Amino acid sequence: MDLLRYGNLVKHLVLRDLGLKYRGSIFGVLWSLANPLSQLAAYTLAFKYIMRSGPVRYPFFLLTGLLPWTFFVQSLLLGSTSVVDNSALVKKLKFPLETLPVSSVAGALVQLLIAAAVFLPVAFLLGGARFSWSLLALPPLLALHILFIVGLCLSLSAGTVFFRDIRHFVESSVMVLFWLTPVVYDFHAVPAKLRTFLMLNPMTLFTDMYQDVLYRQVAPSPISAAGAAAYTAAALGAGMLIFGRLKSRFAELL
Amino acid sequence: MIHVRNVSKLFRVIHNRESSLKSKFVRMIRARRPERVEDFWALKDVSFTVRRGETLAVLGRNGSGKSTLLRVISGIYPATTGSVEVEGAGGMGATLELGVGFHPDLTGDENLRLSAALRGLSRDQIEELTPRVVAFSELGDFMDVPMKFYSSGMYMRLAFSLETCLWPDALLVDEALSVGDAAFKEKCNKRLLDHKERGGAILLVSHSPEQVRAVSDRACILEKGRLVLEGPVEKTIQAFSIMLRDGNREAAPCS
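Just so you know, the sequences run in chain order P and H. Oh and the first sequence: position 208 is 208 in our numbering, straight run, nothing missing. Oh and the second sequence: position 254 is 254 in our numbering, straight run, nothing missing.
In short, the hints are calculated from the structure, not lab data. Everything numeric in this text was worked out from a predicted model, so none of it was measured. Every residue, glycine too, gets a C-beta built ideally from N, C-alpha and C. Heads up, a few of these hints could be off.
[Claimed, not checked] Some chain P residues near chain H, calculated using beta-carbon distances under 10 Å: (1) Val10; (2) Asn86; (3) Glu171.
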């Protein structure tokens, strides 16, 4: 199957998933804005007004980390169960199974793009940011982030066929990982010793780069870029290897 | 053409298997309920050829390996040994079940397009296919209605129309197609005969003698994963009914 048909299939799977998710609701896909908006309000209240900490232009700062984080979590939660959830298809049809985790990520990406299209212009106006050349780094950064997440989802979705625990493992790890990722606090305000530890978390590197590009409006730090690229290569390589090795057994095990 | 050469399929049946990590860990510490692994040959050294314009019927009891055979040929299961080769335009179509991938909350049109995309059709091919399927199914007014509001007859009509419009040269048909009333069955059989006349190769898996008689040129019997007989339709059906009778007598000695 060539890439065009593969893309067409992903498109239809995304349309199915998003269509089903919001079918029958009055606001439809606008609900994908509700999640970041409520988090934005809650964290601003907690950190800016109650704890009285956090960097300047806090809501804008928060947004630049929160949107990619939401994309990451949604992809992982849906992606890890994507093969198991579609067992009826896997058992009865021959089709490229990679499209299942890929379409979970693509669905989360659509929601990210909707949220970004609504929130970022507003944040730019209210947050006092201007056009900066650093924005040119956004497309390659997002592309790298997508590849990283696809790699993770390939491994997780294949693993979930064998161990259903992975779903629960993902659910509880992202809760912990959220606080180990500088979304609500500034990475550069963290004590130096802890900073090295936080940098082991790939999402720290991505979040820092998103903040560089959008919030600090500087070129992304080369250390973060190199680290993120290495993590992406590892995640994608492992994902393709694991999924490729295991996929022929999915139909028998589901 | 469908070539099946010396195909065997081994299933590892694992008793007491729980698919969780906890049970793995528990087992490492104390082997109270050990996993018992049993080898089960669902198919053993199966070979046959279906030529263009020919229908080969595979008869077999429940559990004889018919569905496994179809899944191996269609590539859903990998064969443990042996090889499968398919020639002809459009590759292979497997009708393991009608309406695979249909979702009740999606409209007829959405389901139609999703199913076609799952079968590997491109955007242009889907645009070309959709009106043909709608015309054949005579469901024009209902295509924008969620399929949960369809009657079971309408559901089958759309599923069947889609299926037959997608048929490539080499076709695998499971018993799935023999559901429905007499008129529907006849419609199915007619489509199969048309397909054959146009040069398609059909592998029909069935335990219904009427359907086999109606569309097949040759028949074979699958028993415990082996092809035990291959020959003319009538002779094979007779052998199969004797086998069924003897089998039932063994299974129910009281009667």
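Taking the closest Cβ pair, is P/Val10 under 10 Å from chain H? At about 9 Å, which falls below the 10 Å cut-off, the nearest Cβ of chain H leaves the hint on P/Val10 intact, so it holds.
Against chain H, with CB atoms and a cut of 10 Å, does the hint on P/Glu171 hold up? Given a least distance of 15 Å, the restraint on P/Glu171 is violated.
Chain H contact restraint on P/Asn86 - CB to CB distance below 10 Å: Result: holds, 9 Å to nearest chain H Cβ.
Violated hints amount to a single one, hint 3; each of the other numbered hints is respected by the structure.
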